[in-house]
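Let chain A serve as the given structure and place chain B on it in line with the hints.
Number of protein chains: 2
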Amino acid sequence: MLKKEVTLGIDIGGTNTKVGIVDRDGECLANSVMATRAEEPIEFFLPRLYHTIDAMVSPFLESINILGIGIGAPNANFYTGLIEQPANLKWADKTPLAKLVEDNYKIPVKLTNDAKAAAIGEMKFGVAKGMKNFMVLTLGTGLGSGIVVNGEVVYGADGYAGEFGHVIVNANGRTCGGGRRGCLEAYVSATGICRTVYKLLADYPDPSELRDIPFHELSAEMITESALRGDKIALEAFEYTGRIFGMKLADLVAILSPEAIILFGGLTRSKELLFEPTRKYMEEYMFPIFRNKIKLLASGLEGANTAVLGASALMWNELDKTKV
Amino acid sequence: MLKKEVTLGIDIGGTNTKVGIVDRDGECLANSVMATRAEEPIEFFLPRLYHTIDAMVSPFLESINILGIGIGAPNANFYTGLIEQPANLKWADKTPLAKLVEDNYKIPVKLTNDAKAAAIGEMKFGVAKGMKNFMVLTLGTGLGSGIVVNGEVVYGADGYAGEFGHVIVNANGRTCGGGRRGCLEAYVSATGICRTVYKLLADYPDPSELRDIPFHELSAEMITESALRGDKIALEAFEYTGRIFGMKLADLVAILSPEAIILFGGLTRSKELLFEPTRKYMEEYMFPIFRNKIKLLASGLEGANTAVLGASALMWNELDKTKV
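Going line by line, the protein sequences match chains A and B. Here the first sequence is numbered in the numbering used here, starting from 13 and rising by one per residue. Here the second sequence is numbered in the numbering used here, starting from 13 and rising by one per residue.
Okay, chain A solo, but in the shape it has when bound (with noise of 0.2 Å):
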C-alpha cells in the first residue's frame, strides 16, 4: 500500500502543546495535546513532547510518511533553529529545539513563531490561498503578526520581523514591558482592551455593567457580551480599539501595500465589533489609492488545529521549495 505524506505540525503555547498528523491537503488525521508546564526545564519536556507523538502517531505507523515536522513556539527563530529568551517558558536562553527535536526522529525540522506560522498556514490551506502580498495578525494576550510579501515569509535580517505589536501608537502612551511606552499591543490585544475599559471607565460617568468587575476579572469575552447586550463603554471600547488599530493598519498598508489583512486570535471572536471601526478607521486613515481595496478578513482556519495546521504548514512550505 501506498504510504499517505504527511507532516508533523507542534503548537508550543505556554499552556498546552498541541501536535497533529496533517496531509498535503490541510486535512488532520489526528491530533493530542498535553500540559506544556512551562516552569520545567526542556530535558522534561522533550521526553514528553517525543510520548505524545509517538502515542498519536503509532495507529498510523503502517499507513503514513512522515516527510518532516513544523513547529510554532514563542521566540522561535526561523534562521537559527533556537528558541531564544522566552519569556513564559523556564528554558535555557538559547534552546537549539528544531536540532533536538531533528537528532530525535531524523527527519527535517523548522520552527518559527506562532503569527508566521499562522500567515503559512492561511497561505498553504486558508483564506490566503494565491496570495502572495498579505498579513496575519493574532490578537490574543498580545499583538503578533506574520508578514507574507512576493509570496514569502517575512523574517528579516535576524529572523525578529513582524514585531508589528510593538510599533509605537504614542510615545507617552501605556507602558508595555521593559519600560517601553505606548506599543500598539498595549491598545489591541485581548488584554490592551481590558486597559481600555478601564480608561474609558474613569474618563466617562456612563453608567456600566463593566463598573461591577475588577481589573484582575474583566476578559476580552465579557467586554463582548456587554457590547453585545448594548453597554455603552463596552461599544465604546471597540470603537476606541478599532481607531487605534485602524490608524496603525494604515501605515501597515502605505508600506507594504498588502492584498489581504487577515485577522486571528481570542479577540476577533468579538466578530463586527472589532472589525466594523477597524476597517471604517483603516479607510479614513488610508492613503486614497490604497482606499477600498485591501480585504480585512477573519481567518480561514479558525477551529481547535489551527496552530497545528500553521505549525504543519511550515514544514510543507519548506518541502514545496525543495520540489521545484
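Since the list can't tell identical chains apart, any single copy or any two copies may satisfy a pair.
Listed below are the simulated EDC-like cross-link pairs for lysine to aspartate or glutamate, each with C-alpha atoms no more than 16 Å apart in a straight line: (1) K144 to D170; (2) K144 to E164; (3) K211 to E248; (4) K305 to D170; (5) K244 to E221; (6) K307 to D170.
Hint data in this document are derived by calculation from the structure and do not stem from the laboratory.
Leaving out everything else, chain B in the frame of chain A:
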C-alpha cells in the same frame, strides 16, 4: 570586436530628464540631460527623449549592445508599465510609458518609481551589495521609499508599496495634501524641515538668523548652513526632525527587521546634522531585540548619475532574473 553589454537608464524628474549608458559594473559610459517640460503632453516629450538618447548612443553604436532600458519616474507602476496620475506632469491619467518606449526601440523596457530604482541601484552598485533586507529612503521635496525583502523589491499587491512618506505621525498634525493630516513627509523632507523651522520660530523666543528669511525663500540648505554656524533654532529643527524620523524608523524596523536603512536625497546633504539625532531616537524608540543592529547609512550612489544608475540597475536586475 565583441560588443559591450549595457543598459540605458532614464530618470524622469519634474524639471530634468537624465539618460545614461551603464554597463554591468555600474560604470556610466555616457550621459545626457534634457528639460522635462512638465507642462507638455507626452506626444511632445517622447520625440525629444528619443532624440536625446539617439544622440548620446550614436558614438557607441559599434561598441555596445543595448540589452534593455530601465526608467525611473514619478507615479510609475512596475507591474503595469503605466505612469498613473502624475501630479507634476501634464500627461494623461494613465500613460503606458514602458510600452511606448519598448515599441520604439524593440528592446525590453521596465519602469518603476525613483525610490524603488534607487533601492535596486544600491543593491547592484551601492552600499547594499549583498544585502537581502534593507530600504532606501529618499528625502527630497517629499519622502519616498524603496523596500527590499528577501532580495526582492516590495511592490505589494498593486505595485504601490513603499509609501512610507504617508505613514501618520499625528492624526491631527500638519496637512499634507488631499486633506490628509500628519503624514511623515510633512515633517521629514526638505520642505518638512522648513515647516519645522517656522513652528520653532513661533514656539521659542530665541534669536535666530532664520528670523530674517521669508517662508518661501527658506531652504533645507540654508537651515543646514545656519546649524553649522551654531544657530539654536536650526539645530533644534534637526533634533525635532530626527526625533520624528527615528520613531517612525523604529516602527519600520519592528515590522521588517532590515539589515540597513539607507538615506538618500537633498536633505541628507546635511549629513550628521540629520543622521546623529535620527540614529539616537531610532535606537531609543526601537524594540530592544533590534537595538544596535541596524545600520543607518548614506547612499553609496551620490553624484550626478545616481538616478540614472538606479534606473539602469532596474533593467540589469530583470536581466539577471531571466538568466537563472
